[in-house]
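Chemist: Here are the chains, one letter per residue:
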Amino acid sequence: MAALDGMTIIALGLPFIAALVAPALVRRLGHNAAWVLALFPFFVFVRFLEFLPEVSAGSAITGGFQWVPSYNVSFSWFIDGLSLIFALLISGIGTLIVFYTGGYLKGHAQLGRFYSFIFLFMGAMLGLVISDSFLMLFVYWELTSITSFLLIGFDHGREASRRSALQALVVTGLGGLSLMAGLLVVWNITGVTQLSLLVNLGDEVRASPFYLMALILLLGGAFTKSAQFPFHFWLPNAMEAPTPVSAYLHSATMVKAGVYLVMRMNPAFGDTVAWETILPVFGGTTLIVGSLLAIRQTDLKLMLAYTTVSSLGLMVMMTGFGSEHAAAAGVLYLIAHSMFKGAFFMLAGNIDHEAGTRDITKLGGLRKLMPISFLAAMAAAFSMGGLPPFFGFLSKEEIYYGLWHADPWSIFMTVVAIVGNGLMFVVGFAIAIKPFLGREVKTPKHAHEAPLLMWIGPATLATGGLLAAVFSPIFHQYVSSPMVSAVSGEAEEVTISLVPHIGMPLLLSLVTIVFAVLVYLKVDSARSAIAATLTAIGWGPDKGFDQFVSGMVRLSRRVTKIAQPGQLDIYMTVTFAAVAVTLLAPMIIFDELPAMPAWPADAEIHELAVILIAFIGLGAVIAAKDRLTAIVSLGIQGFAVALIFMLFGAPDLSFTQFMVETLSVVILALVMTRLRLTLSDHRPTGQKIGDATVAIACGAGFMLYLLAVTEVPFRSYLSDFFIAYSKVIAHGANVVNVIIVDFRGTDTLGEIAVVMVTGLAILSLIRVRPGWKPGMLAENDPDAPTEEKK
Amino acid sequence: MRTVIFRTVAPYLTSLMVLFSIFVLLRGHNEPGGGFIGGLIAASAFAIYGIACGVAPVRRAIYFHPMAISAFGLFMSSIAGMISLPLSVPFMTGNWMQLSFFGVDIDLSSVLIFDIGVYFVVVGAITSIALALEERDRD
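If you read the sequences in order, they're chains A and B.
Per UniProt numbering, the first sequence runs over residues 1 to 790.
Per UniProt numbering, the second sequence runs over residues 1 to 139.
Derived by calculation from the structure, the hints in this document are not laboratory data.
Where hints are given, some of them may not hold.
[Stated by the list, open to error] Covered by chain B, per the in silico footprint, the following chain A stretches (three or more residues, Cβ under 8 Å):
1) 226–238
2) 644–657
3) 742–754
4) 761–768
[What the hints assert, rightly or not] If you anchor each label on the Cβ, the simulated ranges turn out as follows:
5) B:9 / A:703: 32 to 42 Å
6) A:699 / B:85: 41 to 51 Å
7) A:768 / B:8: 33 to 43 Å
8) B:85 / A:28: 53 to 63 Å
9) B:85 / A:750: 49 to 59 Å
10) B:85 / A:623: 55 to 65 Å
11) A:540 / B:85: 50 to 60 Å
12) A:17 / B:85: 23 to 33 Å
13) A:678 / B:9: 30 to 40 Å
[Said to hold, decoys possible] Over the 12 Å line for every Cβ pair with chain A, so calculated as not near, a few chain B residues:
14) 7
15) 30
16) 63
17) 87
18) 104
From the three backbone atoms N, C-alpha and C, an ideal C-beta is built for every residue, glycine too.
Okay, chain B solo, but in the shape it has when bound (with noise of 0.2 Å):
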């Protein structure tokens, strides 16, 4: 698999396909998308990544261990429920806000720290499975 033209072509398409998973994730609320589809097209962008060149430059690339990302996501997703809590209304409602930046009105809400939390447990769990798997040994 390690071509020339895939090894130079992988790290830009990794980038892209990135970048277009967390577009997909942000506009999940009103256009098809959100975090389980934007964690699975990071998933694979990595998992490119880790074939073309090898699963040491993924690694560093990530920096973190893809489960630590998981679990974090995780955790996150449970904050994002017990924002609810101090609110006192029931766990897991959600709570908007709006935020004005130059003009342009955003609408911030716990449902959007929730869907972050789930594009980081898919992404973490899948790529560390990839992972594990491109490598031959043991690390």
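The shape of chain A in the complex, shown without the other chains (with noise of 0.2 Å):
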């Protein structure tokens, strides 16, 4: 492990920081807050800079310290080229939302706490990225679920928020969950618990028997994270969330975490039937139903949602195709679908924050209102549409290159992705042209150009587009290179550029390009045919999640009404049978019953007597004809038995049992009042029986264990010591008490917060509202009424 590199610590560390200060600046500076908390990703985007040439050198950066060395666990981090870039992403989309934020919840009253969200995020995002170890990745994965979730639900008086909050959670935790079984098992497999050295053991893992079993449950993580069909319900109902998340999380970074798990995977997973069957089927289709949900929506971030689900798809089918240039295409894809759909997210927040709706109908005609949005709008559409001369054309070529050769299986999957990539050319321009272009329409707000802090972010990430493009060969070599090296796992070069290539990909394409303008010319009849279709199914994984999750209030209700039936006596009986099991059973399966001890011939004639007490109080307690007189009887029973431990010489233990028998006797006379049960007791004969046989075999059990105990040879060992040092280390002749506060005083401390805690428990109990009834809904139950429904 290389040495400890504090720099990259400050840049993992700093959106933390960021996150920790931005309620204060906000307070003071307002939204002008933005151009200060821009820094902090700023300087992370530049940290991250410094490492291109030496990553695009072909080397990979690992550095970081031991954690848990005896577990083999270390926070470290792994930096080659699939990782830096997306580290240089996130850092440098995320200097952009943060100037976008400023602009887009100007005067917000909470604008300080969502930029606190925002900066947590960055920093598990960036964590994950860059974790080298399994379990450092697995905790960065759990917290951008967790940031995911604070953010769509940040409107959270709307229920609509908190439900998709919910899901997107739910969703996306199930697959934390799979994902971490999946490390475990690949651990299991290899023996490493590093990236880094994963990478190089794929033919151990190809190998495996369990190779299934891993890919499985890594892709669950992977596919629920990045929406692939059918988990891909969740990230449309997270265009819930403000719009500088929607840009941020749900295209640019976070729904492509799964996309970098399965590009991370790719050389030790990849390049098996299972592999190039899974990926391009779940990634087609994804590709396909993303991008003909899309066409049906008329909302602006939803028709953006679902060409990101279909994107995410695209990608996946990219990375486990498995030919030369496919892996390259799904990494230059990558890039260039951060670039345009953060862009494209931040101008619909644009359209919907000035001309106040974003429903693509009601919109039309503001190219002249707002010319630096509707420039950069047909950047990015060129870009998604895959026109030259923007980076988007790139990565399409690359596809159709990577996806063309002559057998059936190739030409179904790029008959798949010029359907899936036509399908988002008409969504990427109706979003660019049919607002901007056309009649002006009136619309809900008057609307003129977005301020400075808004249309910055889509500008930057437009040019860069283009710049990407047009500089090919430079950016290629730092960017697109050693992160399709990363995926592929041996050294590749990129090579596409803008002059355009006479041969198949460049027919497909054209291809592409009328399918999308046949596709265009028809757009409305195709959303409504899509949306009949749609109605005529009527069951979606969203339904299907609200009837899972009902199913699950339903079932946990029936468990515990099994469980929980509120009856005392019912505890009760179970309680003591299962103890008396518990007891007995070992004993009489492993035929271990103790034998029965001889009657001790020097029994004095005062200890007979207390054991004759004893006896006389358990009598009185069977005989007693009410409640409270059976209560005091039980105390007869165990004073006597404090005498015993008396006469036995333990002073200290017949104390405390003088002292617990006086205060149970007390206490239960007590609760017996106020209870207010009848005085005596009418139990029927046959409860009766049952109850006498549960009580007995359970003393009965007690007895024979504590003989059997007792018949064991007793060792002296500890006691001596006890004995031997009590008065030397513990300056204390008593030794119990020694034992108790000093020896032993770690396990007395875990006792009395147990009594105290008890104590609480029961003060609670005793107050519990006198109005409640059985089957009364918990104030926090999800069918109690709630204010909103009434």
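Given two chains presented individually in distinct reference frames, assemble the corresponding complex, making use of the accompanying hints.
Modeler: Structure, rendered in structure tokens:
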């Protein structure tokens, strides 16, 4: 492990520091805090930029420190082409998002909190992509789910927000568990807990009989996070979040974590039949389903959300396709997508912010009012549609290079890609053209250009898409090639440029464009056709999620009804019967019943008298006419036992027994008076016999158990130690007390904590609201009527 | 239970028992006794007082909420364990110092603080249960 690199640790921690200071800064500076806060991610961006020459030369940077050495867990990072480009996207787009948020949520009362959440997410996402150790990867992975939950539910006053937030958390959280299980399997197969070591162990992984299990578990994590069909439904719902969140988390970065994982695992898991079947099938389905659903929408953000789903599908499909250019195409498309989709989301937010609606049918003619946004939108649409001179063109050419081969499977995948790309082309241009061109339409607000803070982000990203394509040799050298090499596991070079190459890919691009233009002209009828089909199906995963959740609630209520009937006598019977079985069953099954001890010949008369008193007490309990007498008689028996302790030389124990007996009689009597029971006990004979059986079994069990314990020869090893050292080490002559407070003091600390918490629990039980009846719903029960529904 | 004799004797009995409980607590290190037993004795004392004279006088007499006393005891015991940390010995190691008052040597220790904490936990927890049960109405 390389030396500890302080600057990198600072870069990793900076977003979290920013999260701490953001609320105070916003209170002081208002929305202008954006200018200061943007410095944090910008610093991180610059820090990672410094790695670029070294990484593009083909080496990977590792560093970190041992965290839990005994379990081989480290806090360590692994920066190769893949993680570096991800880190640059996260911090770079993050900087722009910080600007954008300042404009978009200007004057919002919770702006500071929003910044905190955004920075927390940024820190988590950065950690995720540069994690080397599995555990760190998992922790950061879960952290992104949690911060995404906070951000989707940011507008927590609305029920739709809360539902979407919960849905995203449940889906991605379940995926996180699957990921952890997968990583554990990988750990067991290979014995390594570091990604940097795993990528070289591909042969071992692929040969393992657990390969398929590990693969499915890992893909469970990746597919939920990256919204692959059929887990795609949470992503469009996540659009309930404010637009900066949609632009940042749900298009540019977080949803790509799954793609990141798939790309990271490609060297170790790829090149097998399972890999090259599962990934293209799921990715391709997601691509088609997502783009069809996108056509149906009229809300700008939802259109973008569904194209994000389909883009993620395309990336997964390309990564899993397995040909030479396919992985490169996935990488190029990922970079292009981050730029144009981030820009698009911010532009959708601008339109919403300035015109007051984001329904595409109610917008038009904004080009003169919002010229910069219009230009940026056209640039993003060109890139999304894969037209020169933008970076999207390069990625689409590379996609067709990667897919086109003369076998049926490749041709089929090529057709899938053409349909998906064509539909996304349609959506992209619909968003760029419909609101801006045509007649001016009366919008809810009088539109004008968005403020600087809000157009700087989309403009930068749109320009980036152009520059990356124009200067493609340099861009490929520093960005694309290292990342592609990391994904494919061997040194690769990307050469694609803006110069058109006459050949199949160019032809396929033209086919895509023709197809897209045809669909664009018929977009309204296509929209209604898809909507009609969906209504005809009438069920989707989103509805299924609701059914799943309500089914869980019903199941848990049913289980609770069985396990918690709310009747004390049932609880008591079950508890004591369980105790009796636990004590008796092992002794009977393993035939270890103790021999009955002989009657002691030297028993003194006073000792016998005490035992007699105990028996009289027991008889009195059984014979007692009313409950109070029975309780007090139980005390007689307890005192007799205390006397026996005293006679056999255990004054401390005896003392305690006296006090405990006294107090239990007092408290039992108080409980009885409080419960307002009938004076005497009227159980039917059948129940009496049953209860007596349980009681006798319990008592006999304890007796036999204690006899069995005392039959084992006594080892005086510990008592000798305590007696010898009690005075010497612990300055106390009372060995019992010294053990309690000194030798075993930590145990006692735990015990008194239990005493206190038990007291607290009993106190609250005594004070339960008197109006409560079984069957009533608790206040936090989801089925309880809430204020909102009334 | 509220006979005249019981009500008259109860306050004296309670005071004596509390006093005795403190005695038992402090001598515990060398003779039978200790925080746990002492706490139980004091708790019974308060229970008796409550049965004889009602809950309100007991609550007035002990001033703090018994659960707060219990929690304070737990806090005190934990602190007693942590005294060893600045001295860089393991958690819960007993630390001793000898003080001399008027020519009498007294051993003071973190162990004693721990034991007093145990006493408070037991007194507080049991008294709060007993008092809550003795109360007919909710306060």
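Chemist: Residue count check for the stretch 644–657 of chain A against chain B: does it reach three with CB-CB under 8 Å?
Modeler: That given contact holds, which follows from 4 residues of the stretch 644–657 of chain A lying within Cβ reach (below 8 Å) of chain B.
Chemist: Just tell me: holds or violated, for the beta carbon distance of residue 17 (chain A) and residue 85 (chain B) against 23 to 33 Å?
Modeler: holds, 29 Å
Chemist: Counting residues of the stretch 761–768 of chain A with a beta carbon closer than 8 Å to any beta carbon of chain B, are there 3 or more?
Modeler: holds (count 4)
Chemist: At the C-beta level, are residue 699 (chain A) and residue 85 (chain B) separated by a distance inside 41 to 51 Å?
Modeler: holds, 46 Å
Chemist: Run the C-beta distances from residue 30 (chain B) to all of chain A and say if the shortest one exceeds 12 Å.
Modeler: Non-interface label on residue 30 (chain B) violated, nearest chain A Cβ at 4 Å vs cutoff 12 Å.
Chemist: Just checking, residue 63 (chain B) versus chain A, shortest CB gap more than 12 Å?
Modeler: The claim stands: residue 63 (chain B) keeps its Cβ more than 12 Å from every Cβ of chain A (closest is about 18 Å).
Chemist: Beyond 12 Å from every chain A Cβ: check whether that's true for residue 7 (chain B).
Modeler: Per Cβ check, residue 7 (chain B) is outside 12 Å of chain A; nearest 17 Å; holds.
Chemist: Honestly, do residue 9 (chain B) and residue 703 (chain A) meet the 32 to 42 Å range at C-beta?
Modeler: For residue 9 (chain B) and residue 703 (chain A) the Cβ distance comes to about 41 Å; the hint holds.
Chemist: Quick check on a hinted range of 49 to 59 Å for residue 85 (chain B) and residue 750 (chain A), using CB atoms only.
Modeler: violated, 18 Å
Chemist: Can you tell me whether the CB distance of residue 678 (chain A) to residue 9 (chain B) sits inside 30 to 40 Å?
Modeler: holds, 32 Å
Chemist: Does 53 to 63 Å hold as the CB distance between residue 85 (chain B) and residue 28 (chain A), or does it fail?
Modeler: violated, 39 Å
Chemist: Between residue 85 (chain B) and residue 623 (chain A), does the C-beta distance stay in 55 to 65 Å?
Modeler: Holds, at about 58 Å.
Hint compliance for this structure: hints 1, 8, 9, 15 are broken, all remaining hints hold.
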